[in-house]
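Protein chains in written order, with the numbering used here: chain F, 22 to 227; chain E, 244 to 376.
Take these hints with a grain of salt, some might be off.
Chain E is faced by these chain F residues, among others (derived, beta-carbon under 7 Å) [unchecked claim]:
{"hint": "1", "residue": "L39"}
{"hint": "2", "residue": "V150"}
{"hint": "3", "residue": "F216"}
{"hint": "4", "residue": "A219"}
Among the chain E residues that face chain F by a calculated CB cut under 8 Å, a handful are [said to hold, decoys possible]:
{"hint": "5", "residue": "R251"}
{"hint": "6", "residue": "R298"}
{"hint": "7", "residue": "L366"}
{"hint": "8", "residue": "V369"}
No lab work stands behind these hints, which were simulated from the structure alone.
In this text, a Cβ means the ideal position worked out from N, Cα and C, and glycines have one as well.
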Amino acid sequence: MDFKGSDTVPGPRTEDQLPHTAEAAVKIVIVGGFGVGKTTMVGSVSEIRPLTTEETMTQAGIGVDDNFGSDTKTATTVAMDFGRISITEQLVLYLFGTPGQERFWFLWNGLFDGALGAVVLIDTRRLEVSFDVMGRLEERGVPFVVAVNTFPDAPRYPVDELRTALDLPEEIPIIECDVRRRASSRDVLMTLLQFLHALAMAKAPA
Amino acid sequence: MTPPKRQRRRPKEKPAPPPPQTGKQKNPERLFVVAGPDGGERDGDLDLVTLIVARADPPPSPTPEQSALLRLCTAPLSVAELSAYLNLPFSMMTVLLTDMLTAGLVTARNPIVRQTVADRSILEAVMHGLQRL
Ligand SMILES: Nc1nc2c(ncn2[C@@H]2O[C@H](COP(=O)(O)OP(=O)(O)OP(=O)(O)O)[C@@H](O)[C@H]2O)c(=O)[nH]1
Ligand SMILES: [Mg+2]
């Protein structure tokens, strides 16, 4: 722990404070493999400078020599960036840029199960790194859309081909984006929301 | 060039919900209970996006952590933001907050979590908010 005492803790800047009327928050997770652009996306749409919450994961060592009969543990610090968008005076949206490995997800209680939905960011140079993420979301019943972060040197596949490769049903949106651009990241989130809305309509028609 | 191929997965069976607790009346104002003497689990969980607000009257002798936290959440602030500003892991943050909730030093505004059927009005509000971005 790294607690520095009350006087040295910098809090939110005045303009980053939520109004007293803020009464509830929702969250969306942005998930994807190493270096796909999660942090960049959080930063491009957030109204606050992105923040980081850390958690320490302790794991029993694997294949450790047992000279001292010790159960060696290794500690890994896992960081998750997040940002915020005020929706109304009452409602706040939080965006979490979550590491792709499921073993990290349980570190933050309810991260996925309480989320409205997820954005799976993919890089077509390394498509397979997101296969497991999608499978885990499907298993947990977390609705998601797929956003292809278009790096300049990445192969461009037609959406149909991607859909086949990712084995995604027709209704799951697949969109291209450049997460460095705010408007592009916003469009990804909007696509997710429209998809969630369509799901809600299908389950309980108006 | 053909991309690598994935195979879709199906939702797993949800574990059965825990049996309803008897003899323990749940007061919606106090969903948070400190760990029992056996170090047992907390009752009611703090989410990353639970909003925390300091109570108006400060406690007589707060710990350094408590006063730092109280200063931060004079306006509502999420557990995630508190964890980031205080540089405390989320798990430690929830322990500290659970104590403070029990002592009545702060209040918690629970997040809206996804239900089997999503709340359309919430989704619509978020869409409108994003449009203005
Ligand atoms: N050309 C290009 N570069 C990008 C794009 N998005 C992100 N980058 C760059 O790719 C690198 C990785 O982006 P990050 O946002 O840090 O990715 P991340 O998913 O948070 O990475 P980790 O947290 O390390 O897993 C950074 O140097 C970004 O500037 C994009 O759309 N186009
Ligand atoms: Mg990152």
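Verification of the hints:
{"no.": "1", "hint": "L39", "verdict": "holds, 5 Å"}
{"no.": "2", "hint": "V150", "verdict": "violated, 10 Å"}
{"no.": "3", "hint": "F216", "verdict": "violated, 10 Å"}
{"no.": "4", "hint": "A219", "verdict": "violated, 10 Å"}
{"no.": "5", "hint": "R251", "verdict": "holds, 4 Å"}
{"no.": "6", "hint": "R298", "verdict": "violated, 13 Å"}
{"no.": "7", "hint": "L366", "verdict": "holds, 5 Å"}
{"no.": "8", "hint": "V369", "verdict": "holds, 6 Å"}
The structure is inconsistent with the numbered hints 2, 3, 4, 6, although it conforms to all the rest.
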